[in-house]
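As you go down the protein sequences, you meet chains Y and W in turn.
Each residue of the first sequence is one higher than the one before, counting from 9 in the working numbering.
Each residue of the second sequence is one higher than the one before, counting from 4 in the working numbering.
These aren't lab readings, by the way, just hints derived from the structure by calculation.
Note that CB positions come from ideal geometry on N, CA and C, so glycine has one too.
Among these hints, one or two may not hold up.
As the list claims (entries may be wrong) - Which residues of chain W face chain Y? A few of them, derived with a C-beta cut under 10 angstroms, are:
#1 Lys15
#2 Arg19
#3 Glu335
#4 Leu339
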Amino acid sequence: MVGLRHRFESRAGDVTVLDGVDLHLDAGDHAALVGASGVGKTTLLSVLGGLESPQEGTVRVDDHDLAGMSRGELATFRRETVGFVFQHFGLLEALTAAENVELAGSLAGAAAGPRRRRAAELLEAVGLVDRARHRPLELSGGERQRLAIARALMNRPRLVLADEPTGNLDERSSTLVMGLLESLPAGHGCTLVVVTHDATIAARARRCFRLSGGRAIEEAIPV
Amino acid sequence: MSWRDALVLAVKGVRRRPGRAVLTVLAVLLASALLTALLTISTTARTRVLDQLSSGGPLAGIKVAAAAPDPAQVNQDNPDVGAPKDLDGAALGRIRALRGVRQVIPVLSVRQYVVPPRGPGRRRTQPFIGSVVGVDLRHVGLLPITLEAGRLPVAGATTEVAVTDGYVERVGVTPTQRSRVLGTVVELAAGRLEDDGGHALVRGRWTKATVVGVVGQDAANGELLMSDRAVREAQAWIASGVNNSRVLGGPTSPYAGAYVVAHGIDAVPQVRREITSVGYSTSAPENLIASVRRYLRVVEIVLAAVGIIALVVAGLGIGNAMLAAVRERRREIGVLKAIGARDRDIYRVYLIEAGTLGFVGGLVGTFVGWGIAEAVGVVVNRYLTQQGLEGVRLGLPVPLLVGGIAGATVLALVAGTLPALRAARLPAREAVSGG
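With the rest of the complex left out, here is chain W (with noise of 0.2 angstroms):
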């Protein structure tokens, strides 16, 4: 018998129950459902996460502080930082040079005396002296920053603000509560010293912004987050006055600091070291970063691990399905054997058939499987989004799906192997018996 005719006869003895066929490929469709996107996801996590990393992101970025470099602790994630330092756009173009630096971004900060909105009740909230943060927020998805409720403000505007849960906390509103704050108003005002004919006087510039975000934000000490434009705009203001305000506090190192990204993540500890060198603290979470490598690591284990077992689940049921075939078809096979079939006849079409049941179930699962990825992936992205991060396009993986129809259509040819060979070998003579 031709492997042709040998497919003929398996296909149709598949079609002749179709219940069983279509519960068993229920099973490896399911079980490569979930291996399909399992896997999808968990390569794409590490692929994704660890090109972000490794190509330059918010975790590989290093942190450049406005401040010398404490010699004893530079090789540590967080180093406390040494005296401060002036860091000015000489100082960031040096940096810029270096070889293995993707990217600075300056990071401003200005100390602003802030009057709150009135809070619950109508109770104002006593002002205080606090620092709005300043960054170009069109990098913001390279930037420690996370948005907890709201938006970002837009880059380059300078009548609206993001705010920390450190604030929120302040006005009286608990972090769970925290989009209470949006759509509020604060007022902003920066001091600037003035001589009076021998008086001196401060002059304060007042701004009022609209609160449009809650984030969470490690480029620089603050509670504020603005825009770079307006935060400069109130550092001139501060600059202007009699010795540049500074006995009012004003800032003397023109950027606060600065965010650097690095080629890769495995540039990031020499150009750690070459900062340092230029004269700058610096802090970044190398050790942070090898730990979460390790953890992506071990949930693509398991995540296999879980697909893994999930199909030889499948298997089995594939296995139990043909053997009760072969068990009920016992005379069939006699029958067969009786009008001249060989034992690897027999052998091939029940083969045949067990493969059949695991390509189609391996096919539609794995399509399926990428289909249930690509919709986690479209909630995983509107997450993104709105962290103002780029979001993660799955792509079509060609070599999983591949791998996910022939590994099926495999472990059905292997969990068929037993029945077939049963088959085989069953006695032509059950074609006259009983049963």
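So that you can see chain Y by itself, here it is in the shape it has in the complex (with noise of 0.2 angstroms):
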């Protein structure tokens, strides 16, 4: 990512919130972006995970340079090389556990026998294979985040995105979705991007970078 300036418009005027954003991550690497409220975390999270497009600057994740990319072509590289969990779990209500990690499958075509093994396998990673059949308000807040990271690894991401996953969890679930999400480099071979407040969780991180004024800067972990 180099050059990245993103502005919101606005009647009252404009806001820009990256202005000439700089980041390199390699393949595998786990990354935290921290920084105050309205800094632009979640913005640079959706430019990297192709929920919109640079507006200025280049983004390249892999060998897809997002800023050429189509709505269309957007979609596929979301469905293809991003998972993504947020804050809010984002799960559908009216979908079973199961179902719901189910669809992003079904959003890639694939056959209904394999992604239902697939997502049987996920949900026994992630230890709700006993909850396949519940619906998310049936599901506990940890639950819930760990429904929504199998759905984000159904599909065998190469960049999983993190938007405060554990924002709305108590201590023990947010020990346990950190847990899974920290093993996904490792146990996927993915990137991990995890935007948090949480100094403890950014400590854990092997990168954190700190958004302010518009720029990253990167921090040095303390050992």
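Build the complex: two chains, separate frames, hints provided.
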């Protein structure tokens, strides 16, 4: 990511949130993005994950140059390359846990049999195999976030982006969820970027970037 | 995402908000029911009534008078008749043989001395000379006879009579209370001229008949309606007198007239012309029928318009409900996009959701509408049966039912297009927005 600029337009005036962000992550990295509220952490994550196109600058993920992509190409990029984990979980209440996980496979065009088996494997991996038929509202916060992680991994993403994944969880659940997320780079070979306000979580990352004044500054991780 | 997966997702989305789904379906249901009921009724009215008109019925009948035609008035619905002319069996046979004639129903008439029962307050009503009309009551459904109260005399009965409002008023009863004459007994006398040793003597044949019904009738002039048998017996008594009792005003024509039913409404003018060429005056409500047809068409258009307006309102309801759903589910749509949904996947899900609401509402509503039409049909049939007319069978209007369901679904799809497009165009960043 080189020279990324992003601003929000409004009647009251434009607000520049990212003002020349340079950021380079290696495959398999585990990075934390920290900073005060409103500095653009989530915006940076959105651009990195293809939720919106970069307005200025270059963003490359593997061989994908996100700046020149159409809406359809960005959708394909998100489907094949990225896994999202949201603070609000982002689960569909009408679907069961297994169906929520399968949904990502369905969007990728996976056949029913293989995607059902993959969903079962992932639910097993996050410890929710016995809650497969439960709906999100019947699960605890920690369980919902583990379910969201399982869904994010459905299409074997190269990049997992987590936006305040423990923001709605208690300490015990946070530990469990972060344990799962932190195991992804090694276990699934993907790059993990976590937006967090929690210094403890940031300290457990391999690299930490602080967003301030529209720029990202890498901080040393205390050993 | 496949259509099947989109369908599953859409149906689950509908079930997630049962209250809104039920209300939306209800709007479509009511509109479909209204449209189906109105169209079923109006289509039945058109097909059954016009069928009856076109294949023969009271309005398609031609009244033949025992009189010569007035050449100046042959094309009028109700022309003045020319000079009296006997209408006998041979003449009816010639008319029956004409092309386009489906049935010929003879109408008899006899003048009799009528002695009504005592009226209100035991006051006796003045006897009078009245005409008794006789027809084969088995064919009453084809004749211009409308039952106002009670029932029709049994075919072939000689002791039952139906009276007109003219008789009702004559005996001092208002038409609104016409049922008060039912069950009363009227005495009738047919007069025969006899020769009593050089002196003329009038001998009466007295009969009693119970008033069983009040009718409106246009088969022939007369205040009383009886079976053809009863009138024939009275006619035979009169004719057996000296010189056929003609000095008493007995009938010269065996039949007072006839009612001719044409094969089709379009055949009526031609049949009328041919009967005129046989030598008899005719009348038929041709212009009236044309007006009835026009009115039925207008009614049909108006009813269809009412139903279509209801469907459009229902469509707006679907559109509104879907727009509200899109507004509420912005983040959900964002999440779907974040995990890889394309615009067309979202569009498909929301369009199917709208189509599902329309299909379910249309399916239930169409059958409910048909049920309403059936219920109306029962009421109408009860009335028609009382009138001695053939009932109306609605049948199962399959094209209408299929059209109703398909129409509601298509309407829902059209109404859901804008919300679905709006959902599809939502940016993926909604997944991480504050909402």
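Classify the hint on W/Lys15 as holds or violated, based on whether any CB of chain Y lies nearer than 10 angstroms to its CB. holds (4 angstroms)
Given W/Leu339 was flagged as interface, is its beta-carbon under 10 angstroms from a beta-carbon of chain Y? holds (8 angstroms)
Does W/Arg19 pass the interface check with chain Y, least Cβ-Cβ distance below 10 angstroms? holds (4 angstroms)
W/Glu335 was flagged as interface toward chain Y. Is the shortest Cβ-Cβ separation under 10 angstroms? holds (6 angstroms)
Checked against the numbered hints listed earlier, the structure breaks none of them; every hint is satisfied.
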